[in-house]
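Number of protein chains: 2
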Amino acid sequence: MRIAVDAMGGDFAPREVVAGSVRAARDMKDVTSLVLVGDEHAVRGELEGFKGLPDKLTVHHASEVVEMGEAPAGAVRRKKDSSISRAADLVKQGEADALFTAGNTGAAVAAASLKWRRLAGVDRPAIATVIPSRDRPFVLIDAGANTDCTPRMLYQFAVMGRIYSREILGRPDPRVGLVSIGEEEAKGNETTRTAHRILKDSPMNFVGNVESRDLYEGRVDVAVSDGFVGNVVLKTSESVAHFFARWIRDELSRNWLRKAGALLARGAFVTMKKRLSSDAYGGAPLLGVRNICIIGHGSSNARAVYNGIRVAQEAIRHEVNHLIEDELKEQPE
Amino acid sequence: MRIAVDAMGGDFAPREVVAGSVRAARDMKDVTSLVLVGDEHAVRGELEGFKGLPDKLTVHHASEVVEMGEAPAGAVRRKKDSSISRAADLVKQGEADALFTAGNTGAAVAAASLKWRRLAGVDRPAIATVIPSRDRPFVLIDAGANTDCTPRMLYQFAVMGRIYSREILGRPDPRVGLVSIGEEEAKGNETTRTAHRILKDSPMNFVGNVESRDLYEGRVDVAVSDGFVGNVVLKTSESVAHFFARWIRDELSRNWLRKAGALLARGAFVTMKKRLSSDAYGGAPLLGVRNICIIGHGSSNARAVYNGIRVAQEAIRHEVNHLIEDELKEQPE
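Protein chains in written order, with the working numbering: chain A, 1 to 333; chain B, 1001 to 1333.
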């Protein structure tokens, strides 16, 4: 397996990206080639810190970078020599089997969508992201690639999310839910009501409409929504979690009594912080394109990059794309 | 001012509703009549626990109740003698100036929408709910009354939310934001992109698109969205907050060291719980109808009911509806 890594993508690039890639190249036997794509000088500078680098780790120069705040589609078109564009080119040209980036999400979606073909039967590629909940994480699809979706697209997202949940997260028969406001079939907007009917008639293990409460109580393995709503769920969850974490810290440092208490109970906060961290999940795949593209969080550290490369490897191994095309050969009207 | 209270609405009705109403009748001088609408036997039973009840507190019998899980519109049409229907009737017949309910939100929206007229210039009534954030609370409109909205409706929601923020929450020139996924004007779905253009050209203090992060950092006083997205923001926030609170409690009781720490730091958790409680805000108005309808949380206790009646009183006093009609006389195309 050959992985192209966008060495310049993410808040801590290239340092953390290079560090995670070095570890992945050393540990993962099945990875036969790992190409760091980005400013050769900067990347080689980071590599100097490591001894005895494996031969399979190479550098592919790209002179430009799409910044985190840039408008994605325009940036990808304009910056032909950006690290994300070049990494997508390597995959397109058959020189790599998968791409990992922790950079601008929109740019990754744009690069993969513009340069690669879509899988047969897929109207739009979608981002499948893994979110921690009470017992075990669930997959949210689409997490932000498509703002306006048809019921048919939501059906395809369900199929793709289900395959991902089964193959990568190991759920035998994933429970699929449709994000809505109210559990009854009649609840929701026009698009979700039609999607509900389609999903109900499909052979999937469809548990119906789910609200946010259901997601965090672990009622589903796959939560389906358009990218607007999915992104709102994702960002609201992150914001409230951060708001809470900061607030707790502030309140606990308000006087010496609370500080002492917080010190005694420290283990609780360490456990929580660890489980909330997205590092373990590594990255969210863009599903529905004819190659593998894994998108890491902008704040990815070396561990997150390592796990993102691991996810890319598993997506290749499980032939997720073949399974998706197979299942979408026949679709409801 | 005469207020009709749905005595049977809410998880703790009629007990807490009656208790909050008794307090309101005693404290609020401007409330000249407070009608408890619901099962006479049950309501009088609760009233027996209080001594020296003011004369302005009366009971209006209604034999039915719309339950929390019932499909709203159907239930309101079918149960003509339900407490929420009767309370809305009293307002319609001019026997009360405002309605408060902590019952089924959809039923309240349906009763007010079906029985009352809309304000001139309003296409759809919307729920304005107050959400705590870092510094001070913000208004989210629509929190769930309308799932499919036009850009014009979103503009009207902004006008109504702004008046509510200014008159009831006392913000001199409320900052209005449009809930979207990305701050740039081009981000969002078709509806929000058009709404963005309309709001930008309006004389409002429009700060542009806002993401969840901005909401909880206190960047806006009014957050505008359709009812589907608004409800997702609201429910996700509540779910993550509950998930967090329960998780902290679990982690802190895992061993004696943590328990001791939690005990020392207890003040921090008490403060947080108090500020997170929605009791202080009392209820969310349904704006855009020709009367006042305040909808409390299903879990409202006596204090929340008391504050809900206070909000109803303030909405009447500030003539919110006149201001809304005035401002919507001229609307952008």
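None of these hints come from the bench; they were simulated from the model.
Honestly, I wouldn't trust all of these hints.
Calculated lysine to aspartate or glutamate pairs in the EDC-like style (CA-CA distance at most 16 Å, straight line) [to be verified]:
hint, chain 1, residue 1, chain 2, residue 2
1, A, LYS200, A, GLU217
2, B, LYS1273, A, ASP250
3, A, LYS274, B, GLU1183
Covered stretches of chain A (chain B as the covering partner; in silico rule of three or more C-beta atoms under 8 Å from a C-beta of chain B) [claimed, not checked]:
hint, stretch
4, 48-54
5, 80-91
6, 302-312
Computed Cβ-Cβ distance ranges for the label pairs, DEER-style [unchecked claim]:
hint, chain 1, residue 1, chain 2, residue 2, range
7, A, ASN255, B, ARG1303, 24 to 30 Å
8, A, ASP81, B, ASP1250, 38 to 44 Å
9, A, GLU183, B, GLY1121, 44 to 50 Å
10, A, ARG303, B, TRP1256, 55 to 61 Å
11, A, ARG275, B, ARG1266, 39 to 45 Å
Beta carbons are placed, not taken as given, at the ideal position from N, Cα and C, and that holds for glycine.
Tested hints:
no. : hint                             : result
1   : A:LYS200 - A:GLU217              : violated (22 Å)
2   : B:LYS1273 - A:ASP250             : holds (14 Å)
3   : A:LYS274 - B:GLU1183             : violated (30 Å)
4   : 48-54                            : violated (count 0)
5   : 80-91                            : violated (count 0)
6   : 302-312                          : violated (count 0)
7   : A:ASN255 - B:ARG1303: 24 to 30 Å : holds (27 Å)
8   : A:ASP81 - B:ASP1250: 38 to 44 Å  : violated (51 Å)
9   : A:GLU183 - B:GLY1121: 44 to 50 Å : violated (34 Å)
10  : A:ARG303 - B:TRP1256: 55 to 61 Å : violated (32 Å)
11  : A:ARG275 - B:ARG1266: 39 to 45 Å : violated (24 Å)
In this structure, the earlier hints numbered 1, 3, 4, 5, 6, 8, 9, 10 and 11 are contradicted, and the remaining ones agree with it.
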